[in-house]
Every structure is written in C-alpha cells, then in structure tokens.
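**Student:** Sequence:
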Amino acid sequence: MSADRPENESPADDPASDPGGGLERYSGEESEAPEGRSLTLRAGGDRGQSLAEQTALLYYRMTWRMPLHRLRLSGKLPLRLLAVPVDPVDGDRVQGMAVRAGHFLFRGLQKKLDGIDFADLKLPPAFEDYVHRFVWLRDLDTAASRDQALPVAEKLVEQWLDANGKKIRQPAWRPDNCGWRLLIWASHAPLILSSNDLIYRSKVLNNIARTARHLDRTADKATSSLGRLVAWSGVVAASLLIPEGRVRRIVGEAGLEKAMGEFFYPDGGSVSRSPLNQMDAVILLSMLKQVYLAREEDAPEFLENALALAVPPLTGLTHFDGSMGNWQGGGATSTEQVDQAIEASGIRARPLRQARDWGYQRVSSGRSVLIMDAAPPPIARMAVAGCASTLAFEFSNGDNRIIGNCGGAGLVGATIPAALARGLRTTAAHSTLCIDNSNSTSILPDGKLGRGVNEVELFRRDVENATRLEASHDGYARRFGLLHKRLLLMRSDGLELRGEDMLIPDGRKRRRKKKDVEYALRFHLGPDIESDLISEGKGVLLRLKDGNLWQFRATSGTIILEDSVWVDGMGIPHGVMQMVITDTVGSGGGATGWLLKHMG
Numbered sequence: 216m217s218a219d220r221p222e223n224e225s226p227a228d229d230p231a232s233d234p235g236g237g238l239e240r241y242s243g244e245e246s247e248a249p250e251g252r253s254l255t256l257r258a259g260g261d262r263g264q265s266l267a268e269q270t271a272l273l274y275y276r277m278t279w280r281m282p283l284h285r286l287r288l289s290g291k292l293p294l295r296l297l298a299v300p301v302d303p304v305d306g307d308r309v310q311g312m313a314v315r316a317g318h319f320l321f322r323g324l325q326k327k328l329d330g331i332d333f334a335d336l337k338l339p340p341a342f343e344d345y346v347h348r349f350v351w352l353r354d355l356d357t358a359a360s361r362d363q364a365l366p367v368a369e370k371l372v373e374q375w376l377d378a379n380g381k382k383i384r385q386p387a388w389r390p391d392n393c394g395w396r397l398l399i400w401a402s403h404a405p406l407i408l409s410s411n412d413l414i415y416r417s418k419v420l421n422n423i424a425r426t427a428r429h430l431d432r433t434a435d436k437a438t439s440s441l442g443r444l445v446a447w448s449g450v451v452a453a454s455l456l457i458p459e460g461r462v463r464r465i466v467g468e469a470g471l472e473k474a475m476g477e478f479f480y481p482d483g484g485s486v487s488r489s490p491l492n493q494m495d496a497v498i499l500l501s502m503l504k505q506v507y508l509a510r511e512e513d514a515p516e517f518l519e520n521a522l523a524l525a526v527p528p529l530t531g532l533t534h535f536d537g538s539m540g541n542w543q544g545g546g547a548t549s550t551e552q553v554d555q556a557i558e559a560s561g562i563r564a565r566p567l568r569q570a571r572d573w574g575y576q577r578v579s580s581g582r583s584v585l586i587m588d589a590a591p592p593p594i595a596r597m598a599v600a601g602c603a604s605t606l607a608f609e610f611s612n613g614d615n616r617i618i619g620n621c622g623g624a625g626l627v628g629a630t631i632p633a634a635l636a637r638g639l640r641t642t643a644a645h646s647t648l649c650i651d652n653s654n655s656t657s658i659l660p661d662g663k664l665g666r667g668v669n670e671v672e673l674f675r676r677d678v679e680n681a682t683r684l685e686a687s688h689d690g691y692a693r694r695f696g697l698l699h700k701r702l703l704l705m706r707s708d709g710l711e712l713r714g715e716d717m718l719i720p721d722g723r724k725r726r727r728k729k730k731d732v733e734y735a736l737r738f739h740l741g742p743d744i745e746s747d748l749i750s751e752g753k754g755v756l757l758r759l760k761d762g763n764l765w766q767f768r769a770t771s772g773t774i775i776l777e778d779s780v781w782v783d784g785m786g787i788p789h790g791v792m793q794m795v796i797t798d799t800v801g802s803g804g805g806a807t808g809w810l811l812k813h814m815g
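Be aware that the sequence shown starts at 216, since it is given in our numbering, and climbs by one per residue.
Since the hints were made in silico from the structure, they are not lab data. Watch out, some of these pointers could steer you wrong.
[As the list claims (entries may be wrong)] For each label pair, taking beta carbons as the anchor points, the in silico distance ranges come out as:
1. 708 to 789: 27 to 33 Å
2. 677 to 361: 52 to 58 Å
3. 461 to 672: 47 to 53 Å
4. 332 to 810: 24 to 30 Å
[As the list claims (entries may be wrong)] List time: in silico SDA-like cross-link candidates among lysine to any residue, alpha-carbon distance up to 25 Å:
5. 700 to 731
6. 812 to 747
7. 337 to 363
8. 504 to 486
9. 812 to 675
For glycine and all other residues, C-beta sits at the position ideal for the given N, C-alpha and C.
Take the sequences, apply the hints, and build the full model.
**Tutor:** So, in structure tokens, the structure goes:
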C-alpha cells in the first residue's frame with residue numbers, strides 16, 4: 216500500500232483491509248508487526264459477543280463494497296465529536312506560557328514557533344513526541360484563558376495539518392503519538408474546534424477520523440508495550456467519540472485488554488519496571504475512563520481493574536514526602552505530579568509493599584521509607600532506559616532524601632545529554648555494590664541491556680522491632696564467580712538502618728579474573744546534605760536541611776567522599792556527594808557491614 220494514497224481512494228479492491236471499525240478506510244504506511252503479536256477477534260464466547268454484534272461486524276465489513284462507504288468518504292454522512300471528555304491532568308504552566316510567548320519548551324530546550332516546520336522538526340525524539348502528541352495543548356490550556364489560547368492553538372493546529380494532515384510520515388503518525396494526540400484533541404476540543412471557519416473545522420474533524428482509521432490498522436504494530444496500550448486506547452476513544460463506532464469498540468476493547476496483559480505484571484507494575492511508564496499508563500487509562508464518562512457509558516470491568524492494580528505499585532515507589540524515587544531512568548518526580556496522577560485515577564489504595572514481579576520492596580517505619588530494587592533489570596526489548604540497579608536502595612526520613620540513586624537516564628534534554636544519560640544507567644550511578652568498576656548487567660553499545668543478572672533471591676520478614684530484607688543476585692557470577700548478597704535491617708521507629716553486603720563464592724562458576732578484585736560500595740546522598748568524614752575515614756557525619764544529624768559507619772574498608780549527581784523530576788541534575796567504601800575481595804569472598812543512624 217502506498218504511504219501517500221489519496222484520502223478519497225476507494226477501498227473496494229481490498230475488502231480485508233478493515234480490522235473492524237472506523238468511518239473511512241485507513242490510508243497510510245504500514246510497518247512490520249512485532250514478532251508473535253497480531254490481533255484477531257476472538258470467538259463470541261471469549262468476548263461475550265451477541266449474535267447482533269457478530270452480525271454488525273459482518274455488515275460493517277460488507278459496507279466496504281457498497282455505496283454507503285463512498286458516502287462516508289465524500290462526507291455525505293456528517294462527522295462530529297459526540298462528546299468532549301474532561302482532561303483529568305493539568306498541564307505545565309511554565310511550558311504553556313512559553314507557547315504563548317512563541318516557542319515550545321521541553322526539558323530546557325526551546326523551539327521557536329515562527330517559521331516552524333512540523334514536517335521536519337529536527338528535535339530530540341522525546342521533544343518531537345511532545346510536539347506531535349499535542350501535550351503542549353494541555354499546557355497552553357492551563358496557562359491561558361480560552362480567549363487567549365484559541366488563536367494560538369488554532370494557528371498551530373492548522374500549520375501541523377498542512378504539514379502532516381495528508382501525508383503519513385514518522386514520527387507524527389507513529390501509533391502511540393496518534394493515540395495520545397486523539398485523546399488530547401478530544402479533551403481540548405473547545406480550543407481547536409471553536410472556529411467559525413468551516414473549512415478549518417472540517418480539516419480537524421477529518422484528521423481525527425483519519426487518525427482513528429490509522430490506529431485501526433497500526434495499533435497492534437506499535438513497537439513497545441506502552442505504545443500498544445496507548446494506540447488501542449486511541450481506538451477505543453475513537454469508537455466512543457466518532458459516530459458509527461459500535462464495531463470499532465468491540466475490536467478496540469479486545470485489543471486494549473490484550474495490550475494491558477502485555478504491559479502489566481499480575482501485581483500491577485509495568486514490565487518495563489519504569490516509574491515513568493507506570494505514571495503514563497495511569498494517566499492514559501484515567502483519560503480513557505473520562506471518555507466513557509463523557510458518553511455516560513460504564514467503563515469495562517477490565518479497565519477499572521487495571522487502574523486499581525496500577526496505582527499501588529506507583530505509590531509504592533514514593534517516599535515519605537510523596538515524591539517518587541529515582542528508578543529505571545526516572546527522576547525524583549514531584550509530589551504534585553504523583554498526586555495529580557493518583558487523583559485522576561480516582562483510586563485510593565495503600566502503597567504496594569511487596570511487588571515481586573514489579574520488583575520493588577518498600578518498608579515504611581515512622582517517618583522513614585526504604586525502597587529496594589529486588590529484581591533483575593527489565594527485559595531488553597521492554598526497557599525504556601533500563602538500568603543496572605539490582606539491589607540498589609533509597610532511604611528517606613521526612614522530607615529528606617538521605618540515600619538515593621542518580622536517576623534521570625530517561626530524561627534526555629538540554630541538561631542531560633545522551634552521554635551523561637548512558638552513565639546514569641550504570642551500576643555505579645546507584646546505591647549498591649560494584650565489582651571492578653563493571654556493571655552487574657551489561658549495557659551494550661546500542662543502549663540495550665545485555666548479560667548479567669538472571670536470578671534474584673529474596674527473603675523478607677518482620678523480626679522483633681525491625682523489618683529484615685535479604686536478597687542476592689548472580690550478576691557477577693559469570694565474570695568473577697561471586698554472588699552479591701545484601702542484608703538490610705530497618706528498625707521499627709525508622710531511625711536506624713543496618714546493612715551488610717557480602718560477596719559469596721558461586722560454586723557453579725569458575726573465576727575468570729585475577730585472584731583479588733576491587734569492589735566499591737556506593738551510597739549516593741540526597742540534595743542539601745552536608746557530609747564530613749569522621750573517625751579516620753571509618754564514618755561520615757550527615758547534616759540534613761532540617762537540622763537533623765545522622766551518622767554513617769562501616770565495619771571494614773575505607774570511606775571516601777566523592778562528587779555525584781541527583782536528577783529531579785524535571786531532568787535537572789543537582790550536585791551532591793556520595794559515600795564510597797572500597798576494598799578488595801579474594802576467591803573466598805568477603806563482607807562489609809555498615810550502619811546509618813539518627814543522632815538527634
């Protein structure tokens with residue numbers, strides 16, 4: 216099929232092209248489907264399809280060879296939005312003000328709107344997605360009144376349509392970008408469909424219909440599990456918002472349910488193990504739920520269940536102040552952003568303490584929170600900015616992030632160049648043990664995760680006045696013949712954390728390196744913490760921003776203080792310090808104990 220087939224070309228020669236829903240025939244480029252991924256309508260018993268629904272599907276396919284379809288193509292049947300759903304998430308006011316001022320702003324990068332070419336933006340991938348998804352429309356709506364935002368929004372939408380409306384090109388027509396764009400356009404329709412210019416309104420409405428047809432054909436061909444979830448959400452939204460969507464809804468909901476099974480673990484966490492992906496999924500499904508509400512329809516049970524399962528793993532990565540930890544490429548997402556996503560979902564649930572599939576363990580005692588990565592890194596093809604962070608931990612008390620990870624590998628922008636982002640994925644960028652300055656899971660030159668951690672053993676139990684976490688991984692077994700085992704013991708008042716890191720010989724492997732190797736235990740400090748060495752390098756005194764004093768001590772090795780970085784949720788790195796314990800280990804293994812204790 217040609218990528219630039221005219222919009223009014225009849226599909227009569229291709230009766231099998233329709234996947235089960237839409238106003239017009241899909242016209243656009245095709246891409247290869249992921250291995251083993253294809254959508255088929257299941258038997259009526261699987262989806263509970265009635266005889267009427269099956270008859271409707273058959274009738275829908277038959278109309279491709281009848282004059283009724285040509286009426287659709289020529290616009291004889293009126294095209295309109297059946298409802299305007301509420302956008303449950305507020306935009307970024309600063310970025311919205313930037314659009315009003317004449318430029319797009321994204322992670323510190325700017326793009327002038329004067330003379331912008333929407334067909335060739337020449338921007339970093341994440342910035343281009345921000346533009347083509349029209350997330351900036353949400354920002355503009357937040358930062359300006361309707362009268363102020365209307366002319367800006369209409370002008371930019373028309374420019375985008377002139378560049379991308381009739382020709383299918385990437386990344387503008389990538390399935391996930393189409394899904395987000397359809398939802399955003401529907402939620403902010405008053406900004407882009409209030410014009411009295413009937414030609415402009417027709418162009419917008421026809422592009423919405425064309426986007427829906429494009430998603431019909433490409434939703435299951437998105438290259439990531441999140442992309443497929445977004446694309447199928449777009450199909451379902453189109454079925455509810457555009458006339459004659461009954462059959463599209465049947466197909467869309469079947470595809471959406473399947474995409475959820477690929478994206479979520481049984482415990483509700485994403486298979487990418489990325490908190491950024493998890494938050495996007497919660498916001499996405501919350502927006503889709505609003506579409507059902509706008510049509511006064513009940514959302515399907517599987518959508519409600521998915522939201523109920525997805526929120527606890529997300530909040531399980533939050534610290535006492537409600538901000539999110541730095542895991543798998545994410546920065547320290549602010550409390551306001553996390554709260555907004557949770558409020559949008561309408562779900563109220565306790566943070567998930569033990570998520571064996573999602574892979575994170577959470578211990579909350581008093582005003583202290585401990586979070587530990589207790590699972591292998593995500594599967595390479597599922598990873599967004601996968602990190603070699605196995606057995607790393609973060610620890611906070613009140614509003615103070617005391618021990619953390621660098622984070623931010625997935626927030627490439629003006630302040631985090633690609634080279635730095637690669638370094639932020641390494642084991643050394645996390646609060647865990649690193650042998651011979653190597654990663655527990657390799658990061659290949661193309662950015663994918665390679666060999667390393669295959670198995671993680673975990674034991675958790677409550678003991679007298681404390682919670683004990685004991686975990687080990689085999690990431691260094693192949694190269695060094697050693698297993699890393701970490702023991703964490705957090706007191707019930709949250710004012711003391713004891714740890715021991717052990718390197719244990721793995722009887723199944725032979726050492727491939729020299730007899731003695733150096734290892735480093737790294738503890739990256741949070742922002743606004745003053746640190747001073749004490750006891751001849753055996754301890755560190757920590758002064759927190761609220762005036763509290765904590766002390767860190769080690770039983771062996773030498774502690775040194777080195778520079779580090781900590782990345783916030785906006786992708787801005789902040790200079791911090793890290794405590795590093797260095798020592799050597801022989802073929803028989805070794806151990807280092809340490810203590811972090813509140814001093815007053």
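**Student:** Next step is simple, just say for each hint if it's right about the structure.
**Tutor:** Each hint tested on the structure:
At roughly 29 Å, the beta-carbon separation of residue 708 and residue 789 lies within the given 27 to 33 Å, and the hint holds. As the Cβ distance of residue 677 to residue 361 is approximately 55 Å, the hint placing it in 52 to 58 Å holds. Roughly 51 Å separates the CB atoms of residue 461 and residue 672, a value that falls within the hinted 47 to 53 Å. Taking 24 to 30 Å as the suggested C-beta distance range, the pair residue 332 and residue 810 does not conform, at roughly 59 Å.
A threshold of 25 Å between alpha carbons decides the hint, and for residue 700 with residue 731 the separation of about 18 Å falls inside it, so the pair holds. With a CA separation close to 15 Å, the supplied pair residue 812 and residue 747 stays within the 25 Å bound. The hinted pair formed by residue 337 and residue 363 fails the criterion: a straight-line CA distance of about 28 Å is larger than 25 Å. Simply put, residue 504 and residue 486 have alpha-carbon atoms about 22 Å apart, close enough for the 25 Å limit, and the pair holds.
Of the supplied pair hints, the one linking residue 812 and residue 675 holds, its CA atoms being roughly 21 Å apart against a limit of 25 Å.
The structure does not agree with the numbered hints 4 and 7 stated previously, though it agrees with the rest.
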